[in-house]
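Produce the complete structure using the sequences and hints provided.
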Amino acid sequence: MGAPGCVSGISSVKALFINGLYWGGTEAGRKGRVMAKSLKNVTRLVADLELEQIASVVQESLDAGTEPLAILQAMSAGMIQVGKLFEQGEYYLADLVLAGEVMKEGIQVLEPHFSMDAFRTKGTVVLCTVKGDIHDIGKNLVANMLTGSGFNVVDLGVDVHEDRVVEAVKRSGARALGLSVLLTPMVKSVSDVVAALEAQGLRARVKIAIGGACTTPELVQKLGVDALGRDPLEAMRIFESFVKE
Amino acid sequence: MGACHDRVLAALERREPDRVPTLDVLEEISNVYEILEKKPLPFGFLFSNPHTGRVVNRLAPLINRSHLFDREMDRFSHDRTRASVKMGYDSTWVMHVPIWRFRDTRTVVDIYGRRYDAGMDGKGNLATPMYREGLISCPQDWADWDKKDLFRLPERANRAFSRIQKDFGDQVFIFGAFLYGLFENSWQPMGFERFAVAVRREKAFIRRVIKFYEDHFCMMLEAWADAGLPGAVYTDDMAYRSGPMLNPRIMRELYSDAFHRITETAHALGMKIVVHSCGNVLPLLEWFAECGFDGVHALEPTAGVTLAAAKERVGDRMCLLGNMDITHILVDADRDEVFEAVRTSIQAAGHGGGYILAPTNSHQSMSVQRIRWMLEAVERYGAYPLTGGAGPAA
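Protein chains in written order, with the working numbering: chain A, 28 to 272; chain B, 426 to 819.
Bear in mind the hints are in silico, worked out from the structure with no lab data behind them. Be careful, since some hints might not be right.
Distance ranges between label pairs, derived from CB positions [unchecked claim]: (1) A/E272 x B/K572: 52 to 58 Å; (2) A/T148 x B/A629: 39 to 45 Å; (3) B/E497 x A/E117: 35 to 41 Å; (4) A/Q86 x B/A629: 27 to 33 Å; (5) B/H776 x A/T148: 55 to 61 Å.
Chain B is faced by these chain A residues, among others (derived, beta-carbon under 8 Å) [claimed, not checked]: (6) D75; (7) E77; (8) L78.
In silico lysine-lysine, DSS-like type, Cα no more than 30 Å apart, as pairs [said to hold, decoys possible]: (9) B/K548 x A/K249; (10) A/K111 x B/K628; (11) B/K572 x B/K511; (12) A/K215 x B/K464; (13) A/K215 x B/K463; (14) A/K215 x B/K548; (15) A/K131 x A/K111.
We put the CB at the ideal spot given by N, CA and C, even for glycine.
Pasting the structure below:
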């Protein structure tokens with residue numbers, strides 16, 4: 028039996044629970060239970076959007092000896108709950124933004140203690156708002172959801188020329204690309220990206236999802252992209268399916 | 426007043442007029458001047474040409490002080506109303522927004538505290554500037570913000586709309602409007618991320634900003650009413666594709682009192698008032714009705730809003746306006762598709778009155794020809810009493 032937090036193939040959060048149960052009344056067991064409780068608290072704070080408390084509770088968890096990765100996974104679990112509450116109509120756009128802020132506050136405390144790369148294991152997604160369009164709320168929310176759930180996100184920002192997209196896909200080796208477009212006149216910029224990827228022989232390697240106010244299922248076919256994300260949670264599921272394929 | 430007024434008023438009061446009325450929302454320079462068969466002033470060239478652009482960059486402060494663009498806005502609002510009349514619309518939503526100040530050919534700020542990117546519309550004209558970020562991030566920024574142009578806005582609107590109403594008021598029902606509503610004015614000058622946090626941490630500050638714009642909007646209503654306008658559009662995007670941007674409970678808490686006062690002021694001045702919001706507003710419709718709005722516009726099909734769902738929720742309390750798709754139907758659809766879209770909209774919302782057919786918004790890719798087909802189709806399918814509706818004309 029390994030030390031707490033080292034159960035092979037199981038997340039660190041689950042490992043803490045299991046070890047806590049196994050070691051029963053021993054000191055290690057007591058410590059495991061305290062850590063597990065603390066991680067549950069972290070998850071709850073993210074899910075409840077407790078911006079004011081998250082930093083201090085994350086710090087307390089670190090001080091108690093909890094692995095930074097376990098804390099981040101607990102935060103990520105909170106983010107998934109936020110997504111579910113959004114889907115159920117309990118949370119709204121501003122709540123997703125707030126959840127992103129809660130994550131940022133917590134990550135700021137964690138970052139000096141470990142490399143985020145250990146958490147970013149789900150794959151790489153390149154995101155941007157297309158050329159001619161500078162709306163970024165939707166894109167930023169998708170980026171927050173993806174980052175919070177373990178993706179490596181290459182966010183190119185807004186008004187991004189297709190050449191920069193191609194370059195980012197090449198460099199990052201991403202197999203998933205998200206294009207945000209709010210305005211109908213800018214839809215052509217999506218086609219420009221698709222054409223540029225095809226010209227570079229990259230289209231078969233990367234799957235493309237679009238999102239934004241003017242996007243429709245008809246546009247997915249018309250533009251030759253692979254999926255449409257209507258909200259950040261749907262976008263996250265699409266990218267999860269892209270990187271699994 | 427002409428038949429168009431009776432038609433629009435009947436629909437706003439949820440009575441059956443002689444025909445389903447129409448509302449023009451077109452705000453694009455290229456489309457307006459295509460309708461008028463005129464050339465717009467060459468501001469687009471001045472901004473995009475590198476030589477003249479350099480001159481504009483140097484003279485920007487002088488241009489702003491001279492209110493050159495404000496005067497151009499007066500002229501454009503007049504021209505776009507003329508275009509509505511020429512197209513044969515029953516009503517028109519005339520946006521008069523002398524709010525932008527050019528820093529140079531690429532950057533614009535507005536009188537509320539937003540920064541935009543200036544750009545071209547692809548047809549040689551200046552496009553509506555695109556919002557980039559807010560400039561007011563804290564209460565001190567707000568206190569320091571120069572508001573003198575805000576206080577001048579009602580006077581300028583009164584002057585512009587007096588002329589518009591005098592020239593076209595008997596030919597088309599005019600809804601006065603300006604940018605922006607209370608929600609947009611409370612979040613955009615600080616950015617949405619900052620706003621989402623401020624709603625939680627600095628509610629008193631947010632309330633102060635809302636109160637300021639509530640008073641300001643009521644002054645605008647006074648100015649429009651004095652100019653003789655019969656209607657107003659309260660334009661404020663409160664929803665996104667997936668639903669309201671802010672929890673409706675918090676929306677109610679923060680904005681209900683202001684909305685009630687705005688609608689009561691409009692009604693006391695003898696005006697009808699319609700709320701416009703893009704996005705999926707279905708969860709907000711009942712609140713809009715409670716606040717006293719006479720109608721609700723946009724009802725975007727691409728955001729999942731159907732006329733049937735809106736009619737069921739608030740059709741007995743508010744007039745529905747809009748729902749004509751601007752991503753395909755009024756951009757590149759064929760004639761049959763346009764006719765079918767009009768027919769289905771009228772069938773879904775027109776029975777018993779309370780529907781004004783209109784595009785959901787305005788952008789430069791919209792086709793004037795498709796708008797003509799839309800208006801033609803309303804003549805075909807919109808006469809009361811409504812029938813089941815035949816297929817489109819050959």
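Here's how the hints hold up against the structure:
Between A/E272 and B/K572 the beta carbon distance is about 55 Å. The supplied range of 52 to 58 Å therefore holds. For the hinted restraint 39 to 45 Å between A/T148 and B/A629, the CB-CB distance of approximately 44 Å keeps it satisfied. For B/E497 and A/E117, the Cβ-Cβ distance of about 47 Å falls outside the hinted range of 35 to 41 Å, so the restraint is violated. At roughly 29 Å, the beta-carbon separation of A/Q86 and B/A629 lies within the given 27 to 33 Å, and the hint holds.
In this structure, B/H776 and A/T148 meet the distance hint of 55 to 61 Å, their C-beta atoms being roughly 56 Å apart. For A/D75, the shortest C-beta to C-beta distance to chain B is roughly 12 Å, which exceeds 8 Å, and the interface hint is violated. A cut of 8 Å between beta carbons decides the hint on A/E77: the least distance to chain B is about 10 Å, and the hint is violated. For the restraint placing A/L78 at the interface with chain B, the shortest Cβ-Cβ distance is roughly 7 Å, inside the 8 Å limit, so the hint holds.
Of the supplied pair hints, the one linking B/K548 and A/K249 holds, its CA atoms being roughly 24 Å apart against a limit of 30 Å. Distance check on the hinted pair: A/K111 and B/K628 sit about 27 Å apart at the alpha-carbon level, within 30 Å; holds. A C-alpha spacing of about 37 Å is found between B/K572 and B/K511, which places the hinted pair above 30 Å, so the restraint is violated. For the hint linking A/K215 to B/K464, the alpha-carbon distance of about 26 Å falls within 30 Å, and the restraint holds.
The hinted pair formed by A/K215 and B/K463 meets the criterion: a straight-line CA distance of about 28 Å does not exceed 30 Å. Taking the CA atoms of A/K215 and B/K548, the gap is near 15 Å; set against the 30 Å cutoff, the hint holds. Using a Cα cut-off of 30 Å, the hinted pair A/K131 and A/K111 holds, with the two alpha carbons roughly 20 Å apart.
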